[in-house]
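Work the whole structure out from these sequences, hints included.
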Amino acid sequence: MRVLQCFLGVAVGMVLVYVPAGLGHELQIERNDRQYTVTGGTIEQLRADLDAKGVTDDAGQFYNGTATTGLGYTYRFREQAGSCGVADVRVLLQVLLTTPVWRERWKAPSALATTWDRYLSALQTHEDGHISIARQAADRLGTQVEGLSAPSCPALEARAKSLRDEAMDALKRAHADYDRSTQHGRTQGAVL
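Residue numbers (the working numbering): 270 to 461.
Please note that the accuracy of each hint is not assured.
Stated by the list, open to error - List of simulated lysine to aspartate or glutamate pairs, EDC-like, C-alpha gap at most 16 Å: (1) K376 / D386; (2) K441 / D326; (3) K441 / D327; (4) K430 / E415.
Claimed, not checked - Label pairs and their in silico Cβ distance ranges: (5) G329 / G458: 24 to 34 Å; (6) G458 / K430: 31 to 41 Å; (7) V460 / R303: 41 to 51 Å; (8) W375 / R316: 12 to 22 Å.
FYI, nobody ran anything at the bench for these hints, they're computed from the structure. Note that CB positions come from ideal geometry on N, CA and C, so glycine has one too.
Here it is in structure tokens:
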């Protein structure tokens with residue numbers, strides 16, 4: 270039996286989790302959390318440092334935090350008389366979460382520290398929403414791939430790649446819709 274591996278998106282890995290996803294596929298999550306340090310003793314100074322050090326996405330947009338996601342899969346071909354199917358489907362969800370950390374928080378007045386904590390919690394909530402959207406997309410992709418069959422294994426492989434590309438396009442749209450509906454986390458309180 271041949272094994273096909275196909276991945277698209279960011280390749281990172283710090284935390285690796287296997288999650289039973291459904292009856293026929295397994296969901297593997299690779300998550301890497303990155304932080305960048307901001308400094309300041311006032312809200313204005315913190316905002317300025319966030320604006321100077323935040324993250325720029327592929328489209329050149331600037332953000333204080335991001336959850337970058339990618340999808341991939343592996344499976345074995347199951348060749349039968351006149352057709353090809355799949356077995357042992359594993360979907361990989363890759364997540365790179367980037368958020369700020371304020372190392373001088375302990376020196377700040379309690380009101381400023383509380384404001385920061387509220388902001389950071391809301392930012393995390395927003396980014397967790399992106400991760401949830403990506404996990405749902407990964408589960409859908411696994412369900413679609415596990416149901417594939419074709420007259421030949423090359424035809425099945427082409428269809429699986431097409432499904433992955435469609436899933437990535439749909440995931441990008443879902444992320445954009447989520448950002449529009451939350452104003453990039455502003456409606457969730459991710460404003461400092």
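Provide an ascending list of the numbers of those earlier hints which the structure does not satisfy. Structure breaks hint 7 only.
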